[in-house]
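Residue numbers (the numbering used here), protein chains in the order written: chain E, 397 to 820; chain Z, 9 to 135.
Check before you lean on any hint, since a few could be wrong.
What the hints assert, rightly or not - Taking lysine-lysine and the DSS-like style, the derived pairs with C-alpha atoms no more than 25 Å apart in a straight line are:
| no. | chain 1 | residue 1 | chain 2 | residue 2 |
| --- | --- | --- | --- | --- |
| 1 | Z | Lys85 | Z | Lys48 |
| 2 | Z | Lys48 | E | Lys785 |
| 3 | E | Lys783 | E | Lys801 |
| 4 | Z | Lys48 | Z | Lys11 |
| 5 | E | Lys783 | E | Lys794 |
| 6 | E | Lys783 | Z | Lys48 |
Hints in this document: simulated from the structure, not taken from any laboratory.
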Amino acid sequence: MSAVRRPQCVVIGAGPAGLGAALAAREAGLSDVMLLERDFELGGILPQCIHDGFGSIVFEQVLTGPQYAQRFIDRVERAGIEVKLNTMVLEMRGDRRITAVNPADGVFELEPSSIVLAMGCRERTRHQVMIPGYRPAGVICAGAAQRDINIEGLMPGRRAVILGSGDIGLIMARRLTLEGAEVEGVYEIMDHPGGLTRNVVQCLHDYDIPLHLSHTVTFIHGRKRVEAVTVARVGEDLKPLRDTERRVPCDTLVLSVGLIPENELSKQAGVQLDPLTGGPVVDETMHTSVEGIFACGNVVCVFDLVDWVTQTAETAGRGAAEYVLEAGRRKRGPAVRVTAGRNVKFVVPQLVRRPERGVDFFFRVEHPERAARTRVLVDGEELYSRKAKMVRPPEMIKAGADPGKAARGPENVTVEVVAEEEEA
Amino acid sequence: MKKTHSYTCINCPLSCGLTLVEEDGEVLEVSGADCRVGEKYAVEEFRNPRRTVSTTVRVQGGVLPLLPVVSAAPIPKALVRDAVRMLSRLTVDAPVADGQVIYPDILGTGVDVVASRRLDAAGRGDA
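Using the sequences and the hints given, assemble the complete structure.
Dropping the structure here:
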């Protein structure tokens, strides 16, 4: 085995988060940044997201997924960042020792001064939503179907039912239709769509694909191949109403039932996770609970816009660079907790350490609400306030505040959504 | 006679609910938009709805079997399916440059269809 390499920063994962973080770390002054990617090329999941709608915030332009990725890939190549493809991280320890493997180097060890976690997320499967029935071919997650159709050139089926109205499911409803398959309908257990409104409009309304809210799949028929599914309306308790069951013939069930941050490595290293997001607890520099380990993008919490993944990546990359360049000269200050207030499901970052700098808070609401106001409070003082015509759980909200500008404290930061009339 | 149409703007994640009032095809008023893009979108959506087309074409000798392509500008919504069908019959040779024109003037719209990534030639994942 060759000598242990000690880069200033190792970024794990080369999707939009990893690419953005590696670039930011380099631009913030680190000369030795290494990017590890298990796939054969850079870009993560973006190359299969061939639809448009990316980049409206970062580039103020509407791009496809591959176009968005290509811009960062070109920049990473120009910056001369060391990239290791086909490389799988096997182990990451709390003292930042990484064991990885690839066909060129074999098993090798790294001891970087800092790490940025950018492993993204994975799809929830049939087993996680517990659909009874046999285990026939033809049950596929929406992202896997997307890869089949857009990268591999394979059609997963001819007549599909889609369970869940997440963005990838909506986009695949349109994609399957354009590729000549029939999409019988999209079934959503909640009483509101899981994906962005613009995707409901462009992907379902444009193609007359029905969306059945408050519905779920209660059985998958077929032993070798999916032959049909049983669908049913659900009551307020989200339990299926048996007398509303009907059988829908199909050969494919596409699941778009949510994403989970991919934190197997983070757990190994002892990184503290937030049960609400499924990702690491981070401060305003995206620093996790483990010294020198940062995290960004969907590993932290599942974003609905790649633009915001990029923004957290840039914060993490800069944070890692600062950590390395200031090593030993600064102890981490005490952290102030960020509280999720009224109608707020979770907030990232969860901690604020250096309130003198501005912080971007990303959060989701628990339930849809009309005529609302999003607010950031520091010890009761309102530092940010913005009207919103409508807030919905699928549409993440960003609030920029400068906790250091508060008259007192900060001892407590709260992010909340209040109804306009409730306001004092 | 005055008529009201509702649209949801698809240009950004805000998804503004737009209301357009017209009389005999003449647009009188657009409300509900948070920005100018939304106003313009409602008028376009009423007069001549357009969509960006994105799909894949076959590639010979590339690191991947498919190349993602996109229309350089939106085309009339009614032509989207035909455009995808036409592009599905195409095969291009690798390597392909990002932005390379794959099919000029699709269906006489004046809009070119371009590659939406770079696609290198030769074997895949053999490193």
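Hints versus structure:
1. Proposed proximity of lysine 85 (chain Z) and lysine 48 (chain Z) is supported: the alpha carbons are some 16 Å apart, at most 25 Å.
2. Taken as a hint, the lysine 48 (chain Z) and lysine 785 (chain E) pair is honoured in the structure, with Cα atoms around 20 Å apart against an allowance of 25 Å.
3. Distance restraint check for lysine 783 (chain E) and lysine 801 (chain E): the Cα-Cα separation of roughly 21 Å lies within the 25 Å cut-off, and the hinted pair is therefore satisfied.
4. For the hint pairing lysine 48 (chain Z) with lysine 11 (chain Z), the CA-to-CA distance comes to about 18 Å; that is within 25 Å, so the pair holds.
5. Between lysine 783 (chain E) and lysine 794 (chain E) the CA atoms are separated by roughly 12 Å; this keeps the pair inside 25 Å, and the hint holds.
6. A C-alpha spacing of about 23 Å is found between lysine 783 (chain E) and lysine 48 (chain Z), which places the hinted pair at or below 25 Å, so the restraint holds.
The earlier numbered hints are all upheld by this structure, with none contradicted.
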